[in-house]
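Chains A and B, in that order, give the protein sequences.
Residues in the first sequence are numbered from 1 upward in steps of one, following my numbering.
Residues in the second sequence are numbered from 1001 upward in steps of one, following my numbering.
Please keep in mind that the hints were generated in silico from the structure rather than gathered at the bench.
Be a bit skeptical, because a hint or two may be false.
[Said to hold, decoys possible] So the derived label-pair ranges between C-beta atoms look like this:
(1) GLU1005/B <-> ALA265/A: 31 to 39 Å
(2) ASP1057/B <-> ASP266/A: 28 to 36 Å
(3) ARG1011/B <-> GLY125/A: 31 to 39 Å
(4) GLU238/A <-> ARG1098/B: 19 to 27 Å
(5) ARG1075/B <-> ASP289/A: 37 to 45 Å
(6) ARG1098/B <-> ASP18/A: 53 to 61 Å
(7) ASP133/A <-> ASP1057/B: 54 to 62 Å
(8) TYR263/A <-> GLU1036/B: 21 to 29 Å
(9) ASP1107/B <-> ARG227/A: 47 to 55 Å
[To be verified] Sample of chain A residues lacking proximity to chain B, with all beta carbon distances greater than 12 Å (derived):
(10) GLU53
(11) MET110
(12) ARG143
(13) ASP179
(14) ALA233
(15) ALA265
(16) LEU301
(17) ARG312
(18) MET316
Remember, predicted model here, so these are calculated numbers, not experimental data.
Heads up, the beta-carbon is just placed ideally off N, CA and C, and yes, glycines get one too.
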Amino acid sequence: MIPLPDGRVGFVVGDVTDKGVPAALVMSATRSLLRASAQRLIEPGEVLERVNEQLCPDMPEKMFVTCLYGVLDPATGHLRFANAGHDLPYVRTADGVVELRARGMPLGLMTGMPCEEKEATLQPGDGVLLHSDGVVEAHDPERDMFGFPRLKETMADAPPGQELIDRVLSDLEAWTGPDAEQEDDITMVTLERSTGESQVSAAANGSVLAEFEVPSEAGNEREVMDRVETAVADLGLEPSRLQRLKTAVAEATMNAMEHGNEYQADRPVSIRVLHSPDRVLVQITDRGDAGELAEPEAPDLEAKLEGRQTPRGWGMFLIEKMVDEARVTSEGGGHTVELALRLEGDGDDNE
Amino acid sequence: MTTSELQAAVRQRDGGVAVIDLQGDVNSSAEVALNEAYARATAGGPGSVVLNFEHADYINSTGIALIVGLLAQARTSKIEMKAFGLSDHYREIFEITRLSDFMTIADNEDRAVGGPEGSNDA
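Same shape as in the complex, but just chain B (with noise of 0.2 Å):
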């Protein structure tokens, strides 16, 4: 397996919501490309951003940090901030960093996108 340098592309859905869909490796690599894209993202001041991780297939400890980076501006901007698309196991990487309390982790996109907190609830 190689490395896959991280391409992040901002769509704008209905009801102030922007979507980053991240494809390719979420390592230092990706510091660039995934604080551009927020920097997309937000530039029309949406109520939330949601990561799309369906096609990110390796996150690492410095991956982490650089959404942890993302989580602390979306916070001071008041901006919410929702995922979907992880794997059991990077699912379980953000509950046990606890992310996951500060992130809702929605199971797919329709319902990270279609509400506040309690969106991936059946």
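The shape of chain A in the complex, shown without the other chains (with noise of 0.2 Å):
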């Protein structure tokens, strides 16, 4: 775990191929590398694709490093992370366990290697498990692996914390028998978002000021664009900043509606209004099952005037121009359009 500013924290979980002193020696410059990247840079792709380009000339051969790390933003849940290769983490949820996906090479193999970014949103009461390949690579006496999909299954049924790790402890012992001896070694790191309850008590990270849904019915962003603006009455947002709060919300939210929801009665969209010391932020979700948004080509207003452009899609481009920070994550078959707008320049408010 490594403390970072605002508040955020960077997780990593490792693995290094081979045993012994030489092994020891390339994950111990590993995590210095990785713990100094991570307080200069914010981009969990860039701080692996860094810690690569450091470790590559002085890689023993047939050596390298599995690695994943995230940045997780206790206060809302937000998660970015990217992965070199390393076994895909599960993160438990009301919906089911998913894995959380990236794509990337692992450590020290060459470099100029990139390394994908993805995002989620850990949901009040979610859980995450990290892990190394030591666990599902164990075999019982007939050499069969215990595997991913038990793996999975544990977590499903598994409380969380410390708890998950005995169960999986334990039935692996079950699996490999009680006298094998540990094949490789296993590391596993468990995450848990804490339920809204306690959330709300915990005001100096980030309390929830409004939560709520609206029906998928064309117009209704006005309605949240309302109940927004009454949510953060208190917090001294200037006229023009509240303004700008309110066309991303209603954007974001007719977005929702309309592609992740496709207008469907029976698909609500959840809005979630949480305020930290700095800032206020929107969490706007559907329940859309169409994988990942597509990216919408930015708009181009001559083009559009000529005809080359179709005259919509401004949509995501005035979010991105109202907010100080728009985030899209996809996880378990929904969207989560993320608005973060500073507290700043409020000093003329005399109320």
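Make one complex out of these two single chains by using the hints.
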């Protein structure tokens, strides 16, 4: 775990090929490089790419490091991660256990390797299990591997935290037999997002100002704008910044109703308004099941006027211009747009 | 707040200027009203069409797309488009989207109607 600015937390799990002193030295070097890069760089993909560049020149032959690095915002549950060839972490959600997928080659193999970066949002009550291949590659006396499906099943049934780790270890022991010698080292890390109840009390990190749903019907974005305005009324946002937030909220809600939920009555849009000491966050979640939303083409007014581009396609563009930060995450068959606006510039308000 | 369907009325002003007074929400439900008003406004072959946003208090991305559609038609017919009555917020959005590069945004109706480019200067 690596504490980062803004209260965010970096977390990392890794595994080096081979054993013994050379492997330990490589792992030690990787740890130091990661900690140093994590403080300088924000994007997890960039961090792993930088560590790879620094590791490669001195890497012993036939040795490499798999590594998963993520940055978690505990106030919102927002998670960005990149993976250099490590086993995929599992997330236990209300809808079942899913994998956190991101592509990347192990570190130390060759320079110039890109590391894909992905995002997800942990909902209250969700849990993550990071694990090394010593778990799934453990064999039973018949040489059958424990495997990913069994680990996923254990994750689905087990309680969170240390109890999950204990459950995996006891399932492993049952699989390999009590007298079996451990074949490979085993690393497990769990992360849990506390439920909303305790989060409200954790006002220093981020309190929930409002949480509600609206049916996916055209025009309901107006209601969402008004309710968000009411929820942030005491934060002293400058009127112009409030207008921008409302426009971003309206556009994100429209996208959720239209593209995510396809205006289906049984698929509402969920809205959460959160307040941390320096910013307001609005999370807008649809129940779409169409996988990741397509990246919209950047609007070009001249192209639109000449008929080379559709006149539409302004929504995401406006959202990004209106707030300080806008992120889209997809998981478990839904998409969340998170809008962040700093609370600065409200000095003139006397209220 | 409830949504309000767009009403669009057309007034002819001297000098070949048609003004479209917009009242309500400029969103997807405004398409028919807006296009019909534009057709009425341009039926007499005006030199310019002025959109009055004084009573349009909500414009969303679909509304922007509708305005882009009108602007494209106007350019084809070589009709100048102008606008006035935008709040600071929507004026900013017209700037961000670059709509203001293609239509003069005036402070009030007289300046919008009064002359060609530069009419919104003091």
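Do the hints match the structure? See the list:
1. GLU1005/B <-> ALA265/A: 31 to 39 Å: With Cβ atoms ~21 Å apart, the hint is violated.
2. ASP1057/B <-> ASP266/A: 28 to 36 Å: Holds, since ASP1057/B and ASP266/A (Cβ atoms, about 32 Å apart) stay within the stated range.
3. ARG1011/B <-> GLY125/A: 31 to 39 Å: 59 Å, violated
4. GLU238/A <-> ARG1098/B: 19 to 27 Å: Since the Cβ atoms of GLU238/A and ARG1098/B sit about 25 Å apart, the hinted range of 19 to 27 Å holds.
5. ARG1075/B <-> ASP289/A: 37 to 45 Å: 41 Å, holds
6. ARG1098/B <-> ASP18/A: 53 to 61 Å: 58 Å, holds
7. ASP133/A <-> ASP1057/B: 54 to 62 Å: 59 Å, holds
8. TYR263/A <-> GLU1036/B: 21 to 29 Å: 25 Å, holds
9. ASP1107/B <-> ARG227/A: 47 to 55 Å: Given about 33 Å between the Cβ atoms, the range is violated.
10. GLU53: Fine: 38 Å to the nearest Cβ keeps GLU53/A off the interface.
11. MET110: Consistent with the label, MET110/A stays out of reach of chain B, its closest Cβ about 43 Å off (over 12 Å).
12. ARG143: Holds, since 59 Å exceeds 12 Å.
13. ASP179: 66 Å, holds
14. ALA233: 14 Å, holds
15. ALA265: 18 Å, holds
16. LEU301: Incorrect as stated: the minimum Cβ-Cβ distance to chain B is 5 Å, not above 12 Å.
17. ARG312: 4 Å, violated
18. MET316: Violated, since 9 Å does not exceed 12 Å.
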